[in-house]
Structure formats: C-alpha cells, structure tokens
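There are 2 protein chains.
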Amino acid sequence: MNIPQTSFPRIVIIGGGFAGISLAKKLSKQEVQVVLMDKHNYHTFQPLLYQVSTGGLEPDSIAYPIRKILKDFPNFLFRLAHVKEIDTLNNKVLTDIGSLKFDYLVVASGSTTNYFGNKAIKKYSMAMKTIPQALNLRSLILENFEDALLTSDLNERNTLMNFVIVGGGPTGVELAGALAEIKKGILPKDYPDLDTRMAQIHIVQSSACLLKGMSAKASEKAEAFLENLGVNVWKNVRVTDYDGKTVTTNADLTFETATLIWAAGVKGATIKGLHAAELINKGDRLLVNEFNQVTGFNHIFAIGDMACMVTEAFPSGLPMMAQPAIQQGEQLGDNMLKLIEGEAMVPFTYKDKGAMATIGRNKAVVDLSRFRFQGVFAWFVWMFVHLFFLIGFRNRMVVFVNWVYNYVRFDREARLIIRPYKKKHKPKF
Amino acid sequence: MNIPQTSFPRIVIIGGGFAGISLAKKLSKQEVQVVLMDKHNYHTFQPLLYQVSTGGLEPDSIAYPIRKILKDFPNFLFRLAHVKEIDTLNNKVLTDIGSLKFDYLVVASGSTTNYFGNKAIKKYSMAMKTIPQALNLRSLILENFEDALLTSDLNERNTLMNFVIVGGGPTGVELAGALAEIKKGILPKDYPDLDTRMAQIHIVQSSACLLKGMSAKASEKAEAFLENLGVNVWKNVRVTDYDGKTVTTNADLTFETATLIWAAGVKGATIKGLHAAELINKGDRLLVNEFNQVTGFNHIFAIGDMACMVTEAFPSGLPMMAQPAIQQGEQLGDNMLKLIEGEAMVPFTYKDKGAMATIGRNKAVVDLSRFRFQGVFAWFVWMFVHLFFLIGFRNRMVVFVNWVYNYVRFDREARLIIRPYKKKHKPKF
Numbered sequence: 022m023n024i025p026q027t028s029f030p031r032i033v034i035i036g037g038g039f040a041g042i043s044l045a046k047k048l049s050k051q052e053v054q055v056v057l058m059d060k061h062n063y064h065t066f067q068p069l070l071y072q073v074s075t076g077g078l079e080p081d082s083i084a085y086p087i088r089k090i091l092k093d094f095p096n097f098l099f100r101l102a103h104v105k106e107i108d109t110l111n112n113k114v115l116t117d118i119g120s121l122k123f124d125y126l127v128v129a130s131g132s133t134t135n136y137f138g139n140k141a142i143k144k145y146s147m148a149m150k151t152i153p154q155a156l157n158l159r160s161l162i163l164e165n166f167e168d169a170l171l172t173s174d175l176n177e178r179n180t181l182m183n184f185v186i187v188g189g190g191p192t193g194v195e196l197a198g199a200l201a202e203i204k205k206g207i208l209p210k211d212y213p214d215l216d217t218r219m220a221q222i223h224i225v226q227s228s229a230c231l232l233k234g235m236s237a238k239a240s241e242k243a244e245a246f247l248e249n250l251g252v253n254v255w256k257n258v259r260v261t262d263y264d265g266k267t268v269t270t271n272a273d274l275t276f277e278t279a280t281l282i283w284a285a286g287v288k289g290a291t292i293k294g295l296h297a298a299e300l301i302n303k304g305d306r307l308l309v310n311e312f313n314q315v316t317g318f319n320h321i322f323a324i325g326d327m328a329c330m331v332t333e334a335f336p337s338g339l340p341m342m343a344q345p346a347i348q349q350g351e352q353l354g355d356n357m358l359k360l361i362e363g364e365a366m367v368p369f370t371y372k373d374k375g376a377m378a379t380i381g382r383n384k385a386v387v388d389l390s391r392f393r394f395q396g397v398f399a400w401f402v403w404m405f406v407h408l409f410f411l412i413g414f415r416n417r418m419v420v421f422v423n424w425v426y427n428y429v430r431f432d433r434e435a436r437l438i439i440r441p442y443k444k445k446h447k448p449k450f
Numbered sequence: 022m023n024i025p026q027t028s029f030p031r032i033v034i035i036g037g038g039f040a041g042i043s044l045a046k047k048l049s050k051q052e053v054q055v056v057l058m059d060k061h062n063y064h065t066f067q068p069l070l071y072q073v074s075t076g077g078l079e080p081d082s083i084a085y086p087i088r089k090i091l092k093d094f095p096n097f098l099f100r101l102a103h104v105k106e107i108d109t110l111n112n113k114v115l116t117d118i119g120s121l122k123f124d125y126l127v128v129a130s131g132s133t134t135n136y137f138g139n140k141a142i143k144k145y146s147m148a149m150k151t152i153p154q155a156l157n158l159r160s161l162i163l164e165n166f167e168d169a170l171l172t173s174d175l176n177e178r179n180t181l182m183n184f185v186i187v188g189g190g191p192t193g194v195e196l197a198g199a200l201a202e203i204k205k206g207i208l209p210k211d212y213p214d215l216d217t218r219m220a221q222i223h224i225v226q227s228s229a230c231l232l233k234g235m236s237a238k239a240s241e242k243a244e245a246f247l248e249n250l251g252v253n254v255w256k257n258v259r260v261t262d263y264d265g266k267t268v269t270t271n272a273d274l275t276f277e278t279a280t281l282i283w284a285a286g287v288k289g290a291t292i293k294g295l296h297a298a299e300l301i302n303k304g305d306r307l308l309v310n311e312f313n314q315v316t317g318f319n320h321i322f323a324i325g326d327m328a329c330m331v332t333e334a335f336p337s338g339l340p341m342m343a344q345p346a347i348q349q350g351e352q353l354g355d356n357m358l359k360l361i362e363g364e365a366m367v368p369f370t371y372k373d374k375g376a377m378a379t380i381g382r383n384k385a386v387v388d389l390s391r392f393r394f395q396g397v398f399a400w401f402v403w404m405f406v407h408l409f410f411l412i413g414f415r416n417r418m419v420v421f422v423n424w425v426y427n428y429v430r431f432d433r434e435a436r437l438i439i440r441p442y443k444k445k446h447k448p449k450f
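These protein sequence lines are chains A and B, in that order. In the working numbering, each residue's number is its place in the first sequence (first place is 1) plus 21. In the working numbering, each residue's number is its place in the second sequence (first place is 1) plus 21.
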C-alpha cells in the first residue's frame, strides 16, 4: 500500500463507524500517523437506517464522507479497503489493496447480522445493517405492493402485503412502527385499487418483552404503542425457519410473507488472524481488558461492537450500541497517546446515558439514568438527540426538513424504487 | 392486467416524464379512465441529474413518486410496467405484467442515449439519462480517485484522473463545470496524498460551438467560463471510438481516460409495433401531426421526446427538451377531451421560452425570448427556474438547503459510493 513512512508511530484503524471515528477525532493533531480503512467511503448513522428503508429519509443524509471528517487532520490517511487478515506475527494488515505494517492496530470493524447459523433465513430474509441493505428493503416493500395489485389470488396478495419483523430490539420496534404508519397514512392513498387494510405487520420476539435492556415501563409502553398502531406483537416466540414464503416458529404459529426482516441479532465482524473470545454468548467479539487491549496483545486494541469488555454490570460484555463505541473510541485516543509517551493508561468506565426508541408519530420511550418518560415529549427528545449525534450540518438540516415535512404532511416522500431488488433476488413461488 | 372496466373511455399513457405527467394533470377530474405506465415508480427531474453524479444532490430529491402525483385524481391508475409492444390492430399494449386494451394511447416514453451504432462506446462509456446511471457515474468518479492513490504508475494515475465528456450540450457543459469545481475545491482537501492538479477535464464537441441552439453569446460565454475553470474545450472534434482506456477521435488527438461520459445525443425510446418516422435525422421518433397524432392513427398520440413534430422553425422536429414535452402534454390533455366530445382539436404551437445552462458557481448563461444574459444574475435565474419546475415542496426545500450549503461552504457532501460500480463493470487494463 502506498503509505509514506514518517517518524511518527503508525496507528491503523479498521472501520469508520462510531468507534473508529471518535478515536480518529481524538488522535487528530497529535504526533502519530493514522491510517483509517473502511470498505465504504462513508460513515453510516445506523440508528436512522430504518427511516431510509421506509422512505422517510434519503440515504445520503444519514451518511457522511469519511475523507471529509478527516480532512483537517494532518498525518491522516484514508484507504477504501476490505481487510482480509491480520498478521500478528509481522504486525501487518492484509487487504484487497495490499498490505500495511502497523505499530498499533485498532479493530473497530463493528458488527454484522447474526443468523445463528440458519442458512435459509440468511438467504431469504432482509437485513438492515448497511445503507445498500436498507435501500434493498425499501425497494422490496414497494415492489411487493406493486405486485399485490397484479394478482387476483387472495393468498398471494396477502403474502405480499404481510411483513414479519424478527427481533424486538430498537431496530425491530422502530421499523414496525414506521411500517404501521405507512399502512395507515400512505398505502390507502397510493393504492386506491388495493384493499390495503389486509396488510399485516408482525413483530416476533423470542423473549417475554420488547426492548429488552430498557425499563419495564418503556417495554410495556412500546408494546401498547405498537398495538395501537395495529402491529401484531408476538412474544416468547422464536422464528425457526423461512423458505422465502412461509415463516415457521417454535410455537403453533406460522406466517405467510414475502418479506421477513431479520433484526434478531448481531455479532462481531470478525477478521481472520485474531481469535474471537472463546467465552460463550459473546457473539464473535474480541475479549478486551479495561484498556481495550485484545487479550494477549499490548499494541492491538478493539473498540465498539467488536470489543467484548466484561464489567460487573455487564458480565457478558458491554452492549453493542453507539454509546459504548463512542466512549471507548474517545478514551482509547487518550490512552494510546499515554501508551506512546510511556505513561499509565486510564481504565475505561462506561457511562450509561440511557436508551430510547421511537415507535411512531408523537410516540417514543426514553430511559435516562434519572428520568424515564414516554409519549410526545420522549418523541421530541428522541428527535433532538438523533439530530445532535448526526455528523454534518447539511445532514442535520436535510433530516430536519424531512422530519418537519413528514410530520406536517403525514407523509414519506422517498418511496422510490431506485434499484429494483425483487426480480434479481427473490425466488418465484 | 387487473384494471377495472368503467363506462369512461380508457386512455393509456406510456411514460411518467415531463410529457406524461403534464398530460395526466390535465386529465384529472375528467370523465376518462387513465392508466399511466412507467418502468420506474418515480418521475425523474432530468435537468439536475448531473448534480447527483457530482455529489451535489441526493437522488431522492430530484425524483418524485408517480403514485403521489396521481393520488388525488379519481379514475387514475398507475402500473409499474415495461411496455414491450403495441398491438395497433387490437388496440392493446403488451407489457411484462400482461396486456391492456386502450381506447386512446399516448406514447410519452421519452428518449434514450444515442450511441450512433458504436457498440464499444455503448459498452465502456457512462450515460446519464436515469438516476441509477447518474449514481453509477458518481461511484465511478470517486472510485477512480481512490484507485489513483494506489498506483505508482504515473500513466495509470493520470488515466484514472482524466475525465472526457463527449457532447457540448447543456448536460455536457453543466457536468464539465461541476467536475472542474470538484477538482478545484474538494479533491485537494479530500486527497492530500494525491497530486490532484494532474486531474484533467475534457469536453469534446463535434461542431464549431458549445450549446448549439442557444445564442452565439451564450455559447462563447459558456466556453470562456469553462476555460476559466480549467476545462479543456475541444471543438470540431468527433470521438470515434473508446476501448475503456483510450479515446480516439477523427482528429490527430487521443485521450487516455478511465471515464468517458457520453452526452452526445439522444434518440426516441421506441416501442415495438409503432414505426419510427422514416425521415432522416429524426432520431427514432414518431412523426406526429399538429395534434400530436401519430401518422396513420386518430387515437394514438406521441408527445415529448418521442414525438417528431415538424414546424417551419424546426424542420427536423421540435427540440427534445422539457419545454416542448410539458406544453404538448398540456395541450393534448385539452385536445383529447375535445376529441372525445366530438369537438375540433386545436393545433399545437410551440412557445419557445428560451434555454439556459449553468457552468458553475455564479456562472450561467440564459437566453430568453427578449433578454439574454450571462453571469451571476443568470445563475440565480437558473436556480430559481429549476427549483420552480421541481415537483414537490419537500424536494424544493431539500434541494434549496443543499444549494445554500454547497454555495456557502464550497462543498458537495453527497460524495458517497453507495453501490460500487467499477469492480463489477469496468475492464482491467
């Protein structure tokens, strides 16, 4: 790889997500050379992907060019690269565009969808972890409605208009709410010649409550909001298989649907050459100590979703969410400079700032450390926080304009099939 | 096709571009059943495609869902369909989703890129007539710069950083200006480790001036603006071939480039079953009379780019631009109602409202019927007119926010490679 040698130590960061970017910002203007690699040339604001899928936002407004984030940082280089392997013996990163030696390595490659080994579900279901995936889902939803118009077979039409979301975490809940609002507000106007009341939205959760990890009140309220919107909430049900048409579960329950959205789990986006933590239930993450050092190494770190940092409050590792990623990135920035200077590093402590989820218009649940609230005010807090964490003034303005418009007009205008998904990928029944 | 029979005559419109949409609006709330078919579910505002290609705008803000345009019109149906053939004997449209009988048919299928029979150019060059094409070009431009970083071969690097635009019409001129501004304002910041001064932008025009059809003053000024921005303008040169790397011309001139953008011509998007006008130089369009009736038919019409309407001022047919399309659509709406009522139709007369093109920041040329001007004021007029003709309040707001931001910040933030183009499509040399 064409990277100039400098007298500064070289830090290679793999991944431009929340963790990698917050680390990079901390390392700006320091006496280090930083090479950030990502397979995309943009940072994705994942919490709003579901709005891209449901036509509420354009993809460009929740993504930000990584080069632009780094442009004022001296000694920073970006490379668009797929990392294939880490050679820990020679301190090298091997990628599709060549290899690169590092003095320090930070793995911030994030997470990927966890299908728990089910190949059929992986093949036929839709994931929503990246912008292309979110756009594929947007296309498929709209294509299904166009196809529903064409058939006179009632079963087939219902199959096309049913949506099954697996996973009752924030992603699943927010998507279910958005689909329910589309069903109510947009479909009847867009498809006057289709009985869109038949469209069904199901959310299936394997445990006893939605939004596990949030308060009982938030969970109950979210469920009530969803049911008010007409979403069918199935708890204590585990989806076991899907053939592209029929969803089977461990209960006496099946669904006929052309669209299964899999939001039931994530796991670390592992890279060859580093062993995943061998502890059970850690989801392919790298076990790190309180300095984010990967077990067995002083100069290789993991942060964000890829890091499994066990604490007293979180015996199976900190949650795979934006907050730990951002906080670890920032702290590691300080710690790496200390390490290079030969000073003692400061152990990471996680400040739990709470969690939130929106269910729809005027409906959200927010758990802060001191306050818990639900409803309209929570919804405004949710919007404010998401606008605040979005990178870039233009993105904030465009998202804000869209939200105001969507709110005032009860609308979502980005319902465009820019690249058709179905004809290429879905099996015919 | 699942279309209910009513007592109203059925008008089938093929195409939801400027022509089809303005006709549809005229036919709303009338005693006719209208079925509009398009292969996309959205209307594209083509004049701003070049801004999508160059990262200035998101695609969703220059597209508008067709169903939403039609939603308040009774007796209107939309079908997402590829029209395969027109059966004029049985008055049927044959599509990929079935066939449909019509009482009246309006062909408004627009135009497609004209490669004048050169298969190599068709294979290796980039077109910019649709949103997916514009996004492919955006990806390729950015991928080329990422690749330029990786090679130490100076020739290869220059090939990757050279851009050749064929065609000096508004599309070519506007794209050349936008690329020049990216070269000047964004590349040096985004690629500090690349000598982006080596990037070259060429525009090649086969005739003696740019913006043929506009005034001599506009043409000269556009050329001066481009040259000021560092664009190489080649006139009286015809590109004859391209193998993915080397562009050959009819002059003693070749270019080495990984990116040839073909904006040198369009032709009608013909449909099997209707004969194209047999006149020469009409570009596969359907010859129509002053009522937009296709030669030989009373009940089959063509409007917009597909229609070749010969007038005294335009002996080879009205220009293939937005204005004739919109005007023909509106007039045909009135005329069809007259025809159905048995009244006499009114011949179409083209009101030439002028033409305009923007070259870059504060630089545009405008020819109105009474006034001609160039420079800053022209640029503001250009922006105002384009905002005005864009469909939808949200789109206008989002485009406006982007333009203000881009202007104030000298920036274009949508430089995202959402779907890589190069690895899939470009040959390796």
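Watch out, some of these pointers could steer you wrong.
Since the list gives no way to pick out one identical chain from another, each pair is judged satisfied if it fits inside one copy or across any two copies.
[Said to hold, decoys possible] Derived pair list, reagent style DSS-like, types lysine-lysine, alpha-carbon separation capped at 27 angstroms:
id, residue 1, residue 2
1, K105, K359
2, K374, K238
3, K47, K60
4, K359, K46
The set of hints was computed from the structure by calculation and includes no laboratory data. Quantities reported herein were computed from a predicted structural model and do not represent experimental measurements.
Go through the copies and call it for K47 and K60: within, between, both or neither, with a Cα cutoff of 27 angstroms.
-> Classified as within; 22 angstroms inside a copy, 49 angstroms across copies.
At most 27 angstroms between C-alpha atoms: does K359 with K46 qualify within a copy, between copies, both, or neither?
-> within (16 angstroms within a copy, 67 angstroms between copies)
Indicate which option fits the pair K374, K238 if close means a Cα-Cα distance not exceeding 27 angstroms: within, between, both or neither.
-> within (17 angstroms within a copy, 63 angstroms between copies)
At 27 angstroms max between alpha carbons, let me know whether K105 reaches K359 within a copy, between copies, both or neither.
-> neither (30 angstroms within a copy, 68 angstroms between copies)
Consistency with the previously given hints fails for number 1 only.
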